[in-house]
Amino acid sequence: MAPSTLTIEDYREVAPKGAVDFLLRLAERARGRRFLHVNSTRVGGGVAEILSRLVPIMGDLGIKTAWEVIEGDPEFFATTKAFHNALQGTEQVFTEALLEHYLEVNRANAERLRPAGDLVLIHDPQPAAMIESRPPEGRWAWRCHIDLSTPQRRPWAFLRRYVLRYDAAVFSLPAFAQWLPIPQFLVYPSIDPLAEKNRRMTKSEIAKTLGALQVPDDKPILLQVSRFDRFKDPIGVINAYRMVKRYHDVRLVLAGGGATDDPEGAQVLAEVREAAGRDPDILVLDLPSNAHLQINALQRAAAIVVQKSTREGFGLTVAEAMWKGKPVVGGATGGITVQILYGVTGYTVNSVEGAAYRIRYLLSNPALMRKMGEAGREHVRRNFLITRHLRDYLSLLVHLTG
Amino acid sequence: MDMAQPAPFVFFGCVELRELLGLRARDERELMEQLERAPLGAVYYHTHSVFLRHYQVTGAYPNDFANWVAAQVRDQVLGERLAVVDPFAFGSLEALRDELVSIIDHHIATLHPVPRVVFGDPFFFVQSHVIEVPTGLEARTLGEFRRCLAEVDASSIYFHALESKVRRGHPRGDFADWLGEARGRESLAEEIARINPYLGGLEEIRLRILRLVDAALGEEAQGGGP
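As given, the protein sequences belong to chains A and B, one line each in that order.
The first sequence begins at 0 in numbering that gives the first Met the number 0 and counts up one residue at a time.
The second sequence begins at 0 in numbering that gives the first Met the number 0 and counts up one residue at a time.
Chain B on its own, in the form it takes in the complex (with noise of 0.2 Å):
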């Protein structure tokens, strides 16, 4: 008799190819324009990919657009306000795009002149091209999964919970489907789904997995697991 068995779970890294659009900003209203007018991969670039650029450096702000009105600009307030946006709180990047040119648009409603760059950099645009690539690890069992998570490529966490929910169409990410559709563990799926990359990056998702792996596998031990 032919027993399917699960498909594994194959870890992918990813780099990213960074492409310039000739688009750029010098004060918050172009910032706003060319935000509206910039492709969906740029939105997703500068504030999605932040986590794959910057995962080790602490004190930024989340995103490009709050870095660069608070760091070039020098508009704290603005900064701030564009730094508290979690990308993850939204149902698509048309809806992120629309928050954050909604909050430029209140802020410089009132101000005269538009604050804009004197000594510091204008805003560039860029979308990336994610390409992915093979790390050799593959998991059939939970076990097996806790172990590659551990020492795979930060790159791999980026790509299967940050780039399948957001553009490869996996709302809940790679990590979670394959819990919860191969292996059965819905909860754990559900659980792992609901980590918000906002406040930790990558790292830190990575630890929050382990944690909630580790305690399946401790209810497994002591029999309790499906």
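Isolated chain A (complex conformation) (with noise of 0.2 Å):
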């Protein structure tokens, strides 16, 4: 379903009993309110694929809400990429003359969008500098979406400045953020249960797409979906595989992307295939990042799924599976602590013998595994999907905006 064709009416089929109405009665707290949106993408990455949902959504439930992009040369993409990485802890380089002209471009981008509203989230560094440029009316908040728990000094210091000016900030996990003297709340991300990704399938188009993929289902697949990068500890998982794989004859799959534009990518891959070896039960995927369905029908598939990282963002996969009743053994990590409830929905672990553990574990009761994937199902119906977020964003309009 094309997203532009979605409207509230669409999730009351995959929204928990009432959230669709409540949310309609929440919504006309807030009618005829004017809500901004402000991001440096209109497609690719977390935060376009939500945006792309909500604000049509928003739309829909009565709030006048825009989505604008900024627009940047690749000096400034790249600028704003290293205080990406910056932020999140890696060490980066930054002169004066990249600072101001960061500076310069959000000064043009104000100049040319006049952001306004009775509320303007403007989302993740790239934007954030465009409040110098605030009108007097409307409150603006600034919604960081990375995990700010261990910037490197200089960036963080050179943002703040521009964070303090916001009436709050918004972040994901208490563990992201940083000491403020503004409000900061709390908003958990969400997946579109309607999105190609989690879209209902039917047995034959999982099979289908399987077999495209050659993916034989003759045995449980473990499977875990994640770009190849060190922090989701591929080679874990296929250690933890290993130890599996004396007790039950099952296969794994390692599905992900971001080695073709990514050197380190596909340095990592390559250890992970070298790993693998000539086992015929590991199968290593490196998928487009528009394999959408593709990953929709290996959750769907798979027995178990494996989100075994060591270092985690939201890391919204394990949602992603527990929305299509899998237990999850994930990494207790960022935000898989959140997702995961643990011995309910899947378990949290902290090593590769955890992870193994608890995959035999499982194997071993099947009757667990679906009960812990209904459960699952239920806890991302309630915290996780789209409504939840349309939920606490209607909610900061209506606090913030009176």
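In case anyone wonders, no lab produced these hints; they're calculated from the structure.
If you're wondering where the values come from, they're calculated on a predicted model, not measured in any experiment.
One thing to keep in mind: the hints can contain errors.
A partial selection of chain A residues facing chain B, derived with a Cβ cut-off under 10 Å [to be verified]:
1. 18
2. 20
3. 163
4. 166
5. 170
6. 209
7. 340
8. 343
9. 390
10. 391
11. 398
Where a beta carbon is used, it is the ideal one built from N, C-alpha and C, also for glycine.
With the hints in hand, could you dock these two chains into one complex?
This is the structure:
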């Protein structure tokens, strides 16, 4: 279903009972108010993906919602990419000229867009300095989607000067926040159950998609979906699989991307392939970033989904898997710990051995796997669907605009 | 002649907007110190809002402090001691805070070193802003009240039975107030006011009120009502 054709009514069948009516009544409290989102891209990445759904639905709820995207040259985006990495702890070099160019681009965008609304939500660091041009009316909040827990000092000190001028900041996890003398709110990200990656699939569709990927479904599938990145610990997943394989005849699928446009990703992919060796039951799939239906099919075909990260952002692949009724074994890091209810929807683990033990335990208890899968789906239904995200943004609008 | 009708009971649901307070604890002493320093809204959030957030989850302790100590610090003893604190047994949030602080203080007095998080997450103090949401449901009679209560969103139970008692100055809760004052059902109101959510959660409160209302409606049908 194309995003433009969706309305809030389409979510009745997937949201918790009464949730859509509740949203309609909550929206009544903010009807007619203007809510502007500003970010740096219309396509690609989790923020654009969720805004493309949230914005039309908020409009459908009677909120005058708009979404503007800033423009910049390659130098600007190279700087903001460096910001992104530095704010998440990777050492980067910034010259005065680069920082000045960042400010110039923000000023030019503010001049072009003249952002205004009862609530203006600025997403991530790229447009953060537009706050310099805020009009006197309306409230402005900075929505930080990244992990700010261990930033490089200089870029954060630079950005912080602008963040302090907002009325509020919004973070995805308490652990991602920094000390700020402005109110900071907590809003978890979400998945869209009607998007290609999460929509219902028929058995024949799943079988056909697996066939195209050359993934046999003759034995239980352990699946990890993630970029080929060391923090996702794909080698650890292979080692855990080998510990499991002595007791259960399973197949491991490591599906991800990021190897084509990221030199380190290509290196990690090569290491993963080497670690997999000639084992015919380890399948390594390097998928393009738009392989949403393939990911959907793999998650639905899996017996257990693994997300054995050693460092993670929010890790919405966990919610995606739970939405498909799968128990999840995940690393005890980042947003994985708030998504997995230990012993209820899966297990968080701290080692390869822990992952292997929990996978074995689950494979030996099919009834528990089913029960956890059902509990996980309900947990996601209540806490990690776009309908809950809408509720939080509407609450923010009501709260900040009185 | 103008016969004044009792005001209807208007059901509201609610949502919580969570605010991070920037206070965190990595060991049990820090937990105690930050708990003393935190606004009462945080005491409320970590002891009462749990019912709104986790009402479908079984097995967890009924407050965030106990869950953190047990799951992240791995100190089961303090977890159990904090879990047994009934947040509804205190006259004020200050008194509840004093009790929690006293338990932690007594527990760590003899422990060297003080238990701390090694692999787990710190405790992050949060407070919430509750936003009222009209449900569109109104009751003028006991029968209507029963029908509305059975179908209303669980957040409405939280709003009228918990939030109103602790943060809106209605010690008996909105349900009991209306039944007693507007419907003249004082004994039913008292029974509802005595329901303690500590062991059951929101659906248990709903169920218990429905049972009491059913009994009252049964008496009324037999001609024993007010």
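Outcome of the hint check:
Checking residue 18 of chain A against chain B by beta carbon gives a least distance of about 8 Å; that is within 10 Å, so the hint holds. The interface hint given for residue 20 of chain A holds, since its Cβ lies 8 Å from the closest Cβ of chain B, which is under the 10 Å cut-off. At its closest, the beta carbon of residue 163 of chain A sits 14 Å from a beta carbon of chain B; the interface hint therefore is violated under the 10 Å criterion. For residue 166 of chain A, the suggested interface contact is broken, since its CB lies about 13 Å from the closest CB of chain B, more than 10 Å.
Proximity of residue 170 of chain A to chain B holds as hinted, the smallest CB-CB distance being about 7 Å (cut-off 10 Å). A cut of 10 Å between beta carbons decides the hint on residue 209 of chain A: the least distance to chain B is about 33 Å, and the hint is violated. The beta carbon of residue 340 of chain A is positioned within 10 Å of a beta carbon in chain B (closest approach about 6 Å), and the interface hint is therefore held. For residue 343 of chain A, the interface hint holds, the least distance from its beta-carbon to any beta-carbon of chain B being 6 Å, beneath 10 Å.
Restraint check, residue 390 of chain A versus chain B: the minimum CB separation of about 6 Å is within 10 Å; hint holds. For residue 391 of chain A, the suggested interface contact is upheld, since its CB lies about 7 Å from the closest CB of chain B, less than 10 Å. Of the supplied interface hints, the one on residue 398 of chain A holds, with its beta-carbon coming within about 5 Å of a beta-carbon of chain B, less than 10 Å.
Going through the hint list in order, the structure does not satisfy hints 3, 4, 6.
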